[in-house]
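> Sequences listed follow chains V and F, in order. The first sequence begins at -6 in the numbering used here and counts up by one. The second sequence begins at 347 in the numbering used here and counts up by one.
Hints listed in this document are in silico derivations from the structure and should not be mistaken for laboratory results. As the structure is a prediction and not an experimental result, all values here were calculated from the model. The reader is advised that the hints may include incorrect statements.
[To be verified] Covered, in the sense of this in silico footprint (three residues per stretch, anywhere, with C-beta under 8 Å from a C-beta of chain V), are these stretches of chain F: (1) 403 to 411; (2) 418 to 432.
[As the list claims (entries may be wrong)] Keeping only pairs whose Cα atoms sit at most 35 Å apart, straight-line, the calculated DSBU-like set for lysine-lysine is: (3) F:364 <-> V:324; (4) V:324 <-> F:351; (5) F:364 <-> V:351; (6) F:351 <-> V:351.
No residue lacks a Cβ here, since even glycine has one placed at the ideal position from N, Cα and C.
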Amino acid sequence: MASGSELIRRIKGQIEEVDPKEVHDLRERGNGAVIVDVREQHEFEESHLPGALHVPRGHLESRVEGSAPDKSKRVILYCASGNRSALAAHTMKELLGYEDVASMRGGITLWKDRGYEVEVPRTLTAEQRERYSRHLLIPEIGLEGQMKLLDARVLLLGAGGLGSPAALYLAAAGVGTLGIVDNDVVDLSNLQRQVAHSNDRIGVPKVDSAEIAIHEINPDVKVEKYGVRLDASNVMEIIDGYDVIVDGLDNFPTRYLLNDASVRKQIPVVSASILGFEGQLSVFHPYEGPCYRCLYPTPPPADLAPSCGAAGVLGVLPGVMGLLQSVEVIKLITGAGEPLAGRLLLYDALGTTFTELKVRRDPDCPICSRDPSEISDEEMGAFPDYEAFCAGAG
Amino acid sequence: MSTVKIPPVLRSSVGGAKEVEAGGDNVGEVLRSLASQHPATESQLFSEDGGLNRYVNVYLNDEDVRVLDGLDTEVRSGDMIVILPAMAGG
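Chain V extracted, bound-state conformation (with noise of 0.2 Å):
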């Protein structure tokens, strides 16, 4: 009986062996064969060629095929030093049938004794696996869709009953940047349904104590805070550069405004809006859906138009609705499902109904029918009937 090491001479004197100096050649002149990395999990991660595949040679007779299906092409396979893609491309010739497969002399220790470039891919601390190990087991979020949570921004505007349930599930859900926009202090009367804030922290700004209950859950979540009221003169400058914007707002021209500068700036907006038992839910998605002027072309006068603080409003109600908003967010940062863009839901708690209406795009749209380039300062925000638009205000 040969010795380990006696087999793999002999193993490497059945196969072709290529050395790193013909492999990098090769990629740069881009010829197109497969380079296959053999090793195990954690070596890849640490650094691996540049654009490898990767097939642990445990799994490589279950897996290989669906890495490189086409057995007449060309396959470089590599591991640490050279052994191991040797015993692996023995076996892809003499039991899998592939045609023109090679083991790279050395392996990545000798490639990168050469100099030569190495690709090193971000991954999840030990930490990070742990805490989001029940969305890594999604198939739909999984490594990559948690990697976009973590690169994402998303500003939330309001720090009340719908911005409280929105920062708390998407800080735990582990968005990177979570802005706050909000110029209010936590008061008494918002305890009954913001569940961000809490009884030691009435009088500190709504901005600040959203800070302390979202690193509470999730250190890592960097917050941006905006401790002022948007309007026309701010919104372009704060909404720069967020991925998503979950609207909150209590009151209509903040809404008006927020659309337009969303459009021009092509920001997807996830908008509710509670009052009472019922609640409003949609996605503005600039120039992919309607906007919120199409579904809502002018804003209804004061009497028609009560805010929370007026009529009142159930207090889990906005966790209800914050939450299909967060659903929303992630959906629209991971390409996960069927966005909820060109539907409106109602939620009415008592009935316990959910009702979806059409919302089309409108072509005459003043806002989103035409160019964002062509929108000016001015428009924004603005309306035709101007006094009836103030008197929304909540």
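On the provided structure of chain V, position chain F as indicated by the hints.
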């Protein structure tokens, strides 16, 4: 008869009902019938020129009547008409 869903802000004008049955062959007739049963809704639904107020959205089943035939949109028995005002609470 069609069923008209009444939004919260209009319920005090119809005695608190969430839905009202009203007759008519088109959306305009049904809403006029609603307004004659409950006069307090008239000024909230219709503008002075008799058209629908611009801030009131009306849906026949799940479609906005603006993309159908507006107030002339034909209504069949059993259809649901939804009156939808914008809300801004957050």
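> For every hint, state whether the structure bears it out.
Status of the hints after comparison with the structure:
Coverage of a stretch by a chain is defined here by at least three residues with a beta carbon nearer than 8 Å to that chain's beta carbons; for the segment 403 to 411 of chain F and chain V the count is 5, and the condition holds. Requiring three or more residues with a Cβ within less than 8 Å of a Cβ of chain V, the coverage given for the segment 418 to 432 of chain F holds, as 4 such residues are present. Between the alpha carbons of residue 364 of chain F and residue 324 of chain V the distance comes to roughly 33 Å, so the proposed pair stays at or under 35 Å and holds. Taking the CA atoms of residue 324 of chain V and residue 351 of chain F, the gap is near 31 Å; set against the 35 Å cutoff, the hint holds.
Note on residue 364 of chain F and residue 351 of chain V: the hinted pairing holds, with a Cα-Cα distance of about 21 Å set against a maximum of 35 Å. Among the hinted pairs, residue 351 of chain F with residue 351 of chain V is consistent with the structure: their alpha-carbon atoms are about 16 Å apart, no more than 35 Å.
Hint violations for this structure: none, all hints satisfied.
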